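A.B. asks: Protein chains in written order, with numbering that gives the first Met the number 0: chain H, 0 to 295; chain G, 0 to 158.
Calculated directly from the structure, the hints in this document are not laboratory data. For clarity, every value in this text was computed on a predicted model and none was experimentally measured. Each hint should be verified, as a subset may be incorrect.
[As the list claims (entries may be wrong)] Output of the computed footprint for chain G on chain H, the stretches with three or more beta carbons under 8 angstroms from beta carbons of chain G: (1) 109 to 123; (2) 145 to 151; (3) 154 to 167.
[Claimed, not checked] In silico EDC-like links for lysine to aspartate or glutamate, alpha-carbon gap of 20 angstroms or less: (4) H/K149 with G/D103; (5) H/K60 with G/D103; (6) H/K292 with H/E263; (7) H/K149 with G/D6.
The C-beta atom is built at its ideal place from N, Cα and C for all residues, glycine as well.
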Amino acid sequence: MSDYSIWVLEYAFTPDYHVSGVIYGAHNQGYRKLPYCYALIKGNGHVAMVDVGYNYEEYGKTLADRFGVINWRSPADVLKKCGVAPEDVDMVFVTHGHFDHFGNVEAFPNAKFYIQEREISKWVWAMSLPERMQWMMGAVDPGDILRGVKLAQEGRLVCVDGDMQDVIPGIDLHAAFDTHTAGSMYVTVRNDSKTPSQDAWVLAGDLIYVYENLGQSGDAADTKKVYIPVGLAMGSQTNLVLTTEEMMKSVGYDWRRVVPVHEERLKDEFPSVIGEDGLRVSEICLAKGEISKVTA
Amino acid sequence: MTPLDEDVVAYSLAVSPCYQAIRRLIVQFGGILILQSSAAGGSTLDAAISSVSAETLDELTESLAAVRPPFRLRGRHLQLQRCVEDLKYVGQYTRSAKLAVRADAAMITAIRSRLDHALQLLKTAEHQAAGLTVVDFTQSCACHPFQEICPQTPKISRA
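Sequences are here, hints too, so could you generate the full structure?
C.D. replies: In structure tokens form, the structure reads like this:
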């Protein structure tokens, strides 16, 4: 039986995201729905999150008007579906510093946040470059950085330098430098607490957007199973492919155990429910004694 | 979208490099404070601090002074100039007193407060239609980058 329950919780979505953003080289292949989600991990006396989404007050109108991101719901409303309140969350693992992952820290007043030190130091470096190189500086909100200063002062921001095993028992942080961003990381939940684990789950952040990145096109005739990296990378697609191999190896090449939170087809692979608000909860696994949140 | 007046467009084009430089400096200083507060390694912190020079701030002051805002945008322009004053204050401390900053939580609070103030001023001077925005969404999970960068480009048909 598992130590931790894991849910992927949708908090907003955009109906029309360009496919080339999520799959490298998929030019002129139109658009698909891109859900915005975070992951909730519960067990061993902890309530943890992987990323915290964005703050509607800061970006909601802009995102809706300019980019078609709709249906945002607050963490209080979203987490309630799993019987949890934002105040219950004691740890947050920030996969990278983009506003839609690190943009709502104030909603979690009792949490300690973990982020790679390199993510911060490389943003500082990138911001020192001339404006003509601004491509490398996108998606960072100065407000998030200043809220990070406050967290650091309060002792609630931990800058991790590389991998960190057992941040809480059975949960590991893995650095994935120069991939989607300079200091990205992913989270492994070893649900049997063993190393190597026979029951591991990888929460991939934006290192994996969709199943095609894992070589799973969904087309039965496609037998090649070649990893195709995500389209958006401040680092390199080579590093993304190498990281994908690391993640897949850690779960015994069982691709279902690498969980891409932006993947709409999670609902086809895991028990899921779509609420009256039109947002999905996908139940990845349940800890001993935990009651399902997606079955009646 | 409502067409912008020519003087607004001209001003926005002229001031945009300053606006973006202020935005970047706020992130740089904020990042430095995070690294200091979280006791990051010495070389990482030194590299971060040295990425902001006094000349950068002086040049920014000069560039901003050289831009002439239309009368109705003078208030916005003044906000940007006040931003730079805040950043100069922050720059002095992060460069010359980094060890003290590491040790003195009250000083970090004072510096953070100036950065918060600068960010609020920058937001006040935001003009989305003219491209002066605090957050650049072009590398995020929310963008249609090509249309955003080249808005005249026709959107391709959907699959």
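A.B. asks: Next, verify each hint and record whether it holds.
C.D. replies: The hints, checked one at a time:
1. 109 to 123: As far as the stretch 109 to 123 of chain H goes, the hint holds, because 5 residues have Cβ atoms under 8 angstroms from chain G.
2. 145 to 151: holds (count 5)
3. 154 to 167: Satisfied; 4 residues make the cut.
4. H/K149 with G/D103: At roughly 14 angstroms apart (the allowed maximum being 20 angstroms), G/D103 and H/K149 satisfy the hint.
5. H/K60 with G/D103: 39 angstroms, violated
6. H/K292 with H/E263: 18 angstroms, holds
7. H/K149 with G/D6: Outside the cut-off at roughly 39 angstroms; violated.
Figure legend: structure checked against the earlier numbered hints; hints not met, in rising order: 5, 7.
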